[in-house]
Amino acid sequence: MSSSSSQAAAPTRLSRVDFATMAITFFSLGVTLQVLLIDNGTSSTRALVASVVIFSATSQFAYLAVRDGGGGDWAAIAAGWVVATRFGILAVSLSSRLPQGFWRRAAASINAFDPNVAVAVQQTTPREVEREFWRTTAGMMLGWFSGLAVGTLLGNILGDTQRLGLDAIFPAALLAIIGNLLRRRDGLIAGVAGAVICLVLLPIVPAGLPIILSVFGVAIALIMVRVPGVANAQPSRPASDGEQL
Numbered sequence: 017m018s019s020s021s022s023q024a025a026a027p028t029r030l031s032r033v034d035f036a037t038m039a040i041t042f043f044s045l046g047v048t049l050q051v052l053l054i055d056n057g058t059s060s061t062r063a064l065v066a067s068v069v070i071f072s073a074t075s076q077f078a079y080l081a082v083r084d085g086g087g088g089d090w091a092a093i094a095a096g097w098v099v100a101t102r103f104g105i106l107a108v109s110l111s112s113r114l115p116q117g118f119w120r121r122a123a124a125s126i127n128a129f130d131p132n133v134a135v136a137v138q139q140t141t142p143r144e145v146e147r148e149f150w151r152t153t154a155g156m157m158l159g160w161f162s163g164l165a166v167g168t169l170l171g172n173i174l175g176d177t178q179r180l181g182l183d184a185i186f187p188a189a190l191l192a193i194i195g196n197l198l199r200r201r202d203g204l205i206a207g208v209a210g211a212v213i214c215l216v217l218l219p220i221v222p223a224g225l226p227i228i229l230s231v232f233g234v235a236i237a238l239i240m241v242r243v244p245g246v247a248n249a250q251p252s253r254p255a256s257d258g259e260q261l
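Note that this note's numbering has the sequence shown beginning at 17, numbered continuously upward.
Incorrect hints may have been included.
FRET-style restraints, in silico, Cβ to Cβ [to be verified]: (1) L215 <-> W90: 31 to 37 Å; (2) I126 <-> L215: 31 to 37 Å; (3) D130 <-> I236: 21 to 27 Å; (4) V68 <-> V98: 19 to 25 Å.
Treat the hints as calculated values from the structure; they're not laboratory data. Don't be surprised by glycine CBs; every beta carbon is placed ideally from N, CA and C.
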């Protein structure tokens, strides 16, 4: 019985295949983002610097989505910020699991993203958490920065990005991030409420605002899960580690 319990509690470490998959995924995102930025009229240098500094594909895709929809700079920036707010929550969940030390935790907090935090929090000791976090981060950065370089070179060559279907990357990336959460009642309520808010506001408010205001779907979910029957309802299956993030 004790052996089976220890096996069940064994931490999940990043294998070489997982590392390569992580790098390839972020390579694809880096290439796509750079090509879209350059196609949107951003200079190659500015696009590269922005992607290196921000290091958040979903935030930049949100920015592009608002700009392409006719929204202004501030609305686009706000949309990117809304998408990026989850990184603060991820950083908080990771911080208490890391070894003591302000600078070690600060360095990890500014690099806290969905994949590396998901791997790190499955570890059992602070040292293992830190090691697996930075191993995963290395795979992400390797793919991301090499993808940015290739995307910068291809930006002026590929032509119409919509013809290639690259504009579908942003919604696909967001669905990959929130897919597991939508299987939970509170996540599903937040997602549906946010989508309804966005669709209702699209024809009546300036471009970009529907995305920003859809965040109120979270507030609706928080209220509804307190309603008797909804609050006591259990998910149809146990939540996975990724969903608990």
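Results of checking the hints against the structure:
Judged by the Cβ atoms, the range 31 to 37 Å given for L215 and W90 is violated: they are separated by roughly 23 Å. Taken as a hint, the range 31 to 37 Å holds for the pair I126 and L215, whose Cβ atoms sit roughly 34 Å apart. A C-beta distance of roughly 23 Å is found between D130 and I236, which places it inside the suggested range of 21 to 27 Å. Separation of V68 from V98 is about 22 Å and conforms to the stated range, judged on CB atoms against 19 to 25 Å.
Comparing the model with each numbered hint stated earlier shows that hint 1 is the single one that does not hold.
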